[in-house]
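Student: Which chain is which? The protein sequence lines are D and E, in order. Residues 17 to 218, numbered by the working numbering, are exactly what the first sequence covers, in order. Residues 17 to 218, numbered by the working numbering, are exactly what the second sequence covers, in order.
Treat the hints with care, as some may be off.
[Stated by the list, open to error] In silico DSSO-like links for lysine-lysine, alpha-carbon gap of 27 Å or less: (1) D:189 / E:175; (2) E:117 / E:189; (3) E:189 / E:97; (4) E:206 / E:189; (5) D:175 / E:18; (6) E:97 / E:175; (7) D:206 / E:175; (8) E:189 / D:175; (9) D:19 / D:175; (10) E:175 / E:19; (11) D:208 / E:175; (12) E:208 / E:18; (13) E:206 / D:175; (14) D:175 / D:206; (15) E:78 / E:19.
[As the list claims (entries may be wrong)] The following label-pair restraints were derived from C-beta to C-beta distances: (16) E:46 / D:175: 27 to 37 Å; (17) D:108 / E:177: 36 to 46 Å; (18) E:159 / D:113: 42 to 52 Å; (19) E:135 / D:43: 38 to 48 Å; (20) E:58 / D:161: 28 to 38 Å.
No lab work stands behind these hints: they were computed from the structure. The beta-carbon is built from N, C-alpha and C at its ideal position, and this holds for glycine as well.
Given next are the chains, with one letter for each unit.
Protein chains: 2
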Amino acid sequence: MKKRIGVLLSGRGSNFEALAESVAAGRIPNAEISIVISNREGAPGIERAESRGIGTRVIPSKGLERETYDRQVAAVLEEHKIDLICLAGYMRLLSPYFVAKFPNRILNIHPSLLPSFPGLESQRQALEYGVKVAGCTVHFVDENLDAGPIILQSVVPVKDDDTEESLNARILKEEHRIYSEAVRIVLEGKYKIEGRRVLRTN
Amino acid sequence: MKKRIGVLLSGRGSNFEALAESVAAGRIPNAEISIVISNREGAPGIERAESRGIGTRVIPSKGLERETYDRQVAAVLEEHKIDLICLAGYMRLLSPYFVAKFPNRILNIHPSLLPSFPGLESQRQALEYGVKVAGCTVHFVDENLDAGPIILQSVVPVKDDDTEESLNARILKEEHRIYSEAVRIVLEGKYKIEGRRVLRTN
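Hey, can you work out the whole structure from these sequences and the hints?
Tutor: Now the structure itself:
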């Protein structure tokens, strides 16, 4: 039985595409992306999913209370018997209801070396702070912003002539690489969580 | 004329020793460590300085107001015509008076990838948070804790079986390397500060 991945996105979802490529190439073995859900009409990621023959659903979030909305999303995910939920540029905080419903089954990728620079515009924050290294973080999602236990991180240099765009491009390449690797680790179950630490097991 | 470095420490001062080695080996050219000041009696770093023939001064800080104490230290540094002040395990916050007196002439090294894990026990903080990469940061010192513009950072992996001790040892090796490199950059004047960013120049 293939493990079933659900993706939540709000925009272009380049990390969704990277995951889809990794599934197709066997870098995430015995898995499939079963459904892509967007909270926004017209999210380019939905069109890209359709062109790959992956099922999609648009559930507009506008005007809905967080939990009311999340119950709709959870129902679709359950209907599709999803094993793992991957956020890919999903611009919403999850309700405690949603997080509690899928314990340690929701992953996110964030474009910084957490706990540095949580929230929006991490690359701009990094440049303004003047760090010499930046990177990205795959973590389990809890009810706090960009705060759950960390599965993988990858580092890139910050160069003197970097702009937000050039730094973003360098980080994004690493995002695509480590998100797939983290999904593989989690789906294979080869980890344990001690406190906040995610440790590898055989 | 050699550039004159003053070191402030409170304990063993392993970063002081690394700087002294780098000066002796020519990795920090045209420089000398002119004075090592400790705020604590019996700091092992003082003995080590003496064994290298470097001048030392113990100025006990106990019971003195921050600025009152810092004026005594500043007077000794000025007496020795110091070009650059390097903190090496100096367990005191500097007063605004002291920071203003030596603008962009005070360096510190911190055992984390700032802005993550400022303050004490950074390695323990990193392990408890569960980050997968750690490291160290050389920065200019301002009146805030572990907060001035960053000159260099270096990254090390955090391993699943790391203890505070093993992680500390891995980071310390990088501290010794990049502190010397940062001192060289600053003494050669081959940098500019834009906002919070320290950029290299020729």
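Student: Each hint needs a verdict: does it hold in this structure or not?
Tutor: So, going through the hints one by one against the coordinates:
1. D:189 / E:175: 23 Å, holds
2. E:117 / E:189: 31 Å, violated
3. E:189 / E:97: Violated: residue 189 (chain E) and residue 97 (chain E) sit about 30 Å apart, past 27 Å.
4. E:206 / E:189: 25 Å, holds
5. D:175 / E:18: Violated, at roughly 31 Å.
6. E:97 / E:175: 44 Å, violated
7. D:206 / E:175: 16 Å, holds
8. E:189 / D:175: 23 Å, holds
9. D:19 / D:175: 40 Å, violated
10. E:175 / E:19: 40 Å, violated
11. D:208 / E:175: 14 Å, holds
12. E:208 / E:18: 22 Å, holds
13. E:206 / D:175: 16 Å, holds
14. D:175 / D:206: 36 Å, violated
15. E:78 / E:19: With a Cα-Cα distance of about 31 Å, the restraint between residue 78 (chain E) and residue 19 (chain E) is violated, given a limit of 27 Å.
16. E:46 / D:175: 27 to 37 Å: 28 Å, holds
17. D:108 / E:177: 36 to 46 Å: 37 Å, holds
18. E:159 / D:113: 42 to 52 Å: With a Cβ separation near 45 Å, residue 159 (chain E) and residue 113 (chain D) satisfy 42 to 52 Å, so the hint holds.
19. E:135 / D:43: 38 to 48 Å: 40 Å, holds
20. E:58 / D:161: 28 to 38 Å: With Cβ atoms ~46 Å apart, the hint is violated.
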